[in-house]
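Engineer: Read off the chains here:
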Amino acid sequence: MATTTSGVYIHVIEDVVSKVREEFVNNGGPGESVLSELQGIWETKMMQAGVLSGPIDRSLVQRPTPGGGPLTHDLNVPYEGTEEYETPTAEMLFPPTPLQTPLPGTADNSSMYNIPTGSTDYYNTPGTENGSNADVKARPSPYMQPPSPWTNPRLDVNVAYEPERGNTNQQFTQDLFVPPSGKRKRDDSSAQYQNGGYIPQQDGASDAMPQVPRDVICSSSKIPQVDGPMPDAYDEMLSTPNIYSYQGPSEDFNEARTPAPNEIQTSTPVVAVQNDIIEDDEELLNEDDDDDELDDLESGEDLNTQHLVLAQFDKVTRTKSRWKCNLKDGIMHINDKDILFNKALGEFDF
Amino acid sequence: KSPNSFSSLKRQIPSQSTNGSSCIHRHPLSFRRRSSIVEEVEIMATFELYRRSTIGMCLTETLDEMVQSGTLSPELAIQVLVQFDKSMTEALESQVKTKVSIKGHLHTYRFCDNVWTFILQDAMFKNDDRQENVSRVKIVACDSKLLTQ
Chain A
1 MATTTSGVYI HVIEDVVSKV REEFVNNGGP GESVLSELQG IWETKMMQAG VLSGPIDRSL
61 VQRPTPGGGP LTHDLNVPYE GTEEYETPTA EMLFPPTPLQ TPLPGTADNS SMYNIPTGST
121 DYYNTPGTEN GSNADVKARP SPYMQPPSPW TNPRLDVNVA YEPERGNTNQ QFTQDLFVPP
181 SGKRKRDDSS AQYQNGGYIP QQDGASDAMP QVPRDVICSS SKIPQVDGPM PDAYDEMLST
241 PNIYSYQGPS EDFNEARTPA PNEIQTSTPV VAVQNDIIED DEELLNEDDD DDELDDLESG
301 EDLNTQHLVL AQFDKVTRTK SRWKCNLKDG IMHINDKDIL FNKALGEFDF
Chain B
1001 KSPNSFSSLK RQIPSQSTNG SSCIHRHPLS FRRRSSIVEE VEIMATFELY RRSTIGMCLT
1061 ETLDEMVQSG TLSPELAIQV LVQFDKSMTE ALESQVKTKV SIKGHLHTYR FCDNVWTFIL
1121 QDAMFKNDDR QENVSRVKIV ACDSKLLTQ
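Residue numbers (my numbering), protein chains in the order written: chain A, 1 to 350; chain B, 1001 to 1149.
Heads up, a few of these hints could be off.
Claimed, not checked - The list that follows gives simulated cross-link-like pairs (lysine-lysine, BS3-like), each with its CA atoms no further than 30 Å apart:
#1 B/Lys1138 - A/Lys324
#2 A/Lys19 - A/Lys337
#3 B/Lys1097 - A/Lys315
#4 B/Lys1103 - B/Lys1145
#5 A/Lys19 - B/Lys1103
#6 A/Lys315 - A/Lys343
#7 B/Lys1126 - A/Lys324
#8 A/Lys324 - B/Lys1103
Said to hold, decoys possible - To spell it out: a stretch of chain B is covered by chain A in this simulated footprint if at least three of its residues, at any positions, have a beta carbon under 8 Å from a beta carbon of chain A; those stretches are:
#9 1051–1060
#10 1070–1083
#11 1104–1110
#12 1114–1122
#13 1134–1144
Simulated from the structure, these hints should not be mistaken for lab results.
Note that beta-carbon positions come from the ideal geometry of N, C-alpha and C, so glycine has one too.
Kindly produce the complete structure, drawing on both the sequences and the hints.
Structural biologist: As structure tokens, this is what we get:
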């Protein structure tokens, strides 16, 4: 019976795969190879997330051989891939960089993540399968990854390699805003959890605008307007009050926060300003109805960076301002670690 | 008639007589049929909240990619996710024995759709081995009684 977090995860993966195997193989399903691919990608992602460790393959008992390698690694550098283990799958996910990591020293994987969760036992089977890409496809490979997804959206790596100015500006200001570019197509479900991910490093949600224009715009209140399309951006600007508004009735701030859409907005500056005034007031009236912090947490903040506990509750009680709750069967992600629990007793003071 | 058709089932359901003696004669096979119907309903009730965990997000992303690339059909992807819900719930129940205590300042609480959401500040998580402190944590908890396993 698996007792470590990683072990439980492996068990779950195996359980899921074995139970859906029938669906894949029979009834005209996609087949066993697709199932293996699914498992492989899933495990790869989990290893890159730093929650899975050790010999992944249950049938082959491989012990990772700790090798030399840098013990510290800057998580803020872009993902560095080992070309030896390039697989089509991994390539689709992460464009490899010229930097190579030594093959046998796959303990490098652990150092990349800086996460103590049993990360020293990083998967090392490829040591026996040198250059065998076909096999590696089905196995998690010691791919370096950008900062752990909990601190950086995983899929943003691709975005990082395709810099697009327009995207950048928009993404800094709205976490809800799905960039119009097509390259985020696979990212729909988790778009809201990410900051748009132009930059693979996670310095914090407020590290938005490196550019000066915001201040400039703030003070001038006359923004050089460039006629152009993208009414959608404007609409979305209004529909995401969380990002735009909280500065008060001053439309300067609102406009300033999104210099890109401003530039793109149609019409003259005067008209635009008036529109902003009217609509901002309406937006503002409604905004404070919600608890901003809760909303921000759910939508504005990258879910991966916040500490999260997912569980079931048996009982929640309160006496005056003292809350007690009995939780069970939970997954905690705190301090970049995954911790599972069977029972939890919570005592909170409100 | 298909064995799972409701009309065939109706035949098997015993009728209670007024004098209290309900003489139930059922072909044993009918039990299986009925239970398979019931089973199907139960299968659909899963907690999706574990999909927000690391393992769940990894799976979701994997499935998304495969659906996008056309390797996998969306229906099958959903089936996999549902199976994940079940497997994860089961594994947490059976394989994990850790007890944890949580203490902190409750900043926000919300109960909606049978889901409690707490936001704690300066929270401390303690179990036998170690202790973790976080400045802010969100707890999402579903009602355990809702899940019929």
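Engineer: All hints, please: hold or fail.
Structural biologist: To see whether the hints hold, each was checked on the structure:
1. Note on B/Lys1138 and A/Lys324: the hinted pairing holds, with a Cα-Cα distance of about 15 Å set against a maximum of 30 Å.
2. With a CA separation close to 28 Å, the supplied pair A/Lys19 and A/Lys337 stays within the 30 Å bound.
3. Straight-line distance between C-alpha atoms of B/Lys1097 and A/Lys315 comes to about 19 Å, which keeps the hinted pair within the 30 Å bound.
4. Under the criterion of a C-alpha separation no larger than 30 Å, the hint pairing B/Lys1103 with B/Lys1145 is consistent with the structure, at around 24 Å.
5. Note on A/Lys19 and B/Lys1103: the hinted pairing is violated, with a Cα-Cα distance of about 38 Å set against a maximum of 30 Å.
6. For the given pair, A/Lys315 sits about 12 Å from A/Lys343 by alpha-carbon distance, which is consistent with the 30 Å threshold.
7. At most 30 Å may separate the alpha-carbon atoms for a hinted pair to count; B/Lys1126 and A/Lys324 meet this at roughly 16 Å.
8. A threshold of 30 Å between alpha carbons decides the hint, and for A/Lys324 with B/Lys1103 the separation of about 9 Å falls inside it, so the pair holds.
9. Check result for the region 1051–1060 of chain B against chain A: holds, 8 residues qualifying (beta carbon to beta carbon below 8 Å, three or more required).
10. Counting residues of the region 1070–1083 of chain B whose C-beta sits closer than 8 Å to any C-beta of chain A gives 7, which meets the bar of three, so the coverage hint holds.
11. Here the region 1104–1110 of chain B counts 7 residues with a CB under 8 Å from a CB of chain A, which clears the bar of 3, and the coverage holds.
12. Counting residues of the region 1114–1122 of chain B whose CB lies closer than 8 Å to any CB of chain A gives 5, which reaches the minimum of 3, so the coverage claim holds.
13. Look at the region 1134–1144 of chain B against chain A: 10 of its residues bring a Cβ nearer than 8 Å to a Cβ of that chain, three or more, so the hint holds.
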